[in-house]
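Each chain, written out:
Number of protein chains: 2
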Amino acid sequence: MPADFAAVTAVTRRDDTTFDAVVDPGWTIGGRPNGGYLLAILGRGAAAVSAHEHVITASAQYLRPPEPGPVSLTTEVLRAGRSATQVRAGMRQGAERCVEALIILSTLDPESDPQWDGGAPVAGDLADTRAVPLQPVLPGGTEVAIMEQIDVRLDADTIGFSAGRPSGRGELRGWLELRGGGSFDPISLLFAVDAFPPSSFDIEFAGWVPTLELTAYVRALPAAGPVRIVTRTQLIEGQRLDEVCTVWDCRGRLVAQATQLAAIRLG
Amino acid sequence: MPADFAAVTAVTRRDDTTFDAVVDPGWTIGGRPNGGYLLAILGRGAAAVSAHEHVITASAQYLRPPEPGPVSLTTEVLRAGRSATQVRAGMRQGAERCVEALIILSTLDPESDPQWDGGAPVAGDLADTRAVPLQPVLPGGTEVAIMEQIDVRLDADTIGFSAGRPSGRGELRGWLELRGGGSFDPISLLFAVDAFPPSSFDIEFAGWVPTLELTAYVRALPAAGPVRIVTRTQLIEGQRLDEVCTVWDCRGRLVAQATQLAAIRLG
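Chains A and B are the protein sequences, given in the same order. This note's numbering applies: residue 1 is where the first sequence begins, and numbers increase by one. This note's numbering applies: residue 1001 is where the second sequence begins, and numbers increase by one.
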């Protein structure tokens, strides 16, 4: 059964600065929790100690992947300003540090409009309708549990990797929806920026591409409905790759941006 | 006199995890220290507690700009792995927190080559030779002390803002050199990604564009010589703007990437 995103990222207050949460086994890839999903849990902890409601930046270092199950969160307000709250948040499982994050919260205006928009950063028609759904098993046979929770539809010309024919452009474009329902918000956008397969799959398939660092910016409150996502890799060197992710809501408004550095073994 | 970058980012060990440093008045804009310069000081502190030499990711939240003068650094090794060390580092001035950062260090191979390169992410001939030097005073009269330390040459078609004629593309392209000499390295690349004027100047001039969050990735060891920089803004909304910066060395190899979210007041 697809889960409600708010439920699988819920945090329970233990004291002024500490929270309990549960990493859901459904939000994993080959048994390992998705990095954006973990960042969303940390974002919820940060929001719980902030006078400001919306995460606008979240930057995380991934130390060790937690097992599905209980985790604890520690938070520290670094600065409580008039227009923003700056928070440090860490996730542990038992005594082991798993994720460490820096998060800024503010208040996003639902009526805001762009003051300037430079347009899409990559090629591709954002209104593409030939999208085909991504299957829940990767070419190598890795089971992707998270595909039962989300609906990913990739544009037909970027889905070649799933049949062993990557385009070589290093770019994936498509749509994302949460199967458990619920509209996107600043917390679930922290997951959205890491929800797609690695854009390196469009270059060469590699089974596990663990995120080392992920930084996300939430730029506006998204309209209800699926979000449009473009991810692009610029360089693979020294067994590391970058990936830039841009997210638009179904009105075509840019709502989130992210960059990550991940590890990869090719060849 | 232009200063040596290693000297103005030097840290002095106080104990196992704490360091002293001095924020140099020369590396300021309108009296406020450059954000990339502060991150470079934190990177040096992190490297001093790491078994790995090279910063590969550094992500910072800016809480308050320190005054030029003494600051203290606290570091904490979050994970010391075989291939990477993950560090938390903070900068304070007196009791005030100024910058909080998460830093990953590893060992970059001077002989490495790209395994895949997607090419330049933005338009513009990287070998442009019509670059013109940027002057040390902004249109509004703000004195930019840092311009005595660095040589910034912007491509002729992106320097219109300095004469009140921004192109409207939100993109700056040019070359950067440290006047005090010294080649670029992973520490000074943390400065390089924030060395250019805000790319929003190419849209509309705004006096002070303070960085809220800056994340930099160092992808390779740069060759000796100046670096080529392209910065681009994608969205200005809610008085905040993003800026993506890409840095190539003089061989044309991508050596650093960064993204930042900054505050801006237009109009």
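Everything labelled a hint here was simulated from the structure, so no lab data went into it. Glycine included, each C-beta is placed from N, C-alpha and C at the ideal position. There may be inaccurate statements among the hints.
[Said to hold, decoys possible] Covered by chain A, according to a simulated footprint, are these stretches of chain B (three or more residues, beta-carbon under 8 angstroms): (1) 1007–1014; (2) 1110–1117; (3) 1221–1235.
[As the list claims (entries may be wrong)] If you only want the chain B side, here are some residues facing chain A, beta carbon under 7 angstroms, derived: (4) S1059; (5) V1077; (6) R1092; (7) E1148; (8) G1170; (9) T1215; (10) D1242.
Determine which of the earlier numbered hints do not hold for this structure and return their numbers in increasing order. 1, 5, 6, 7
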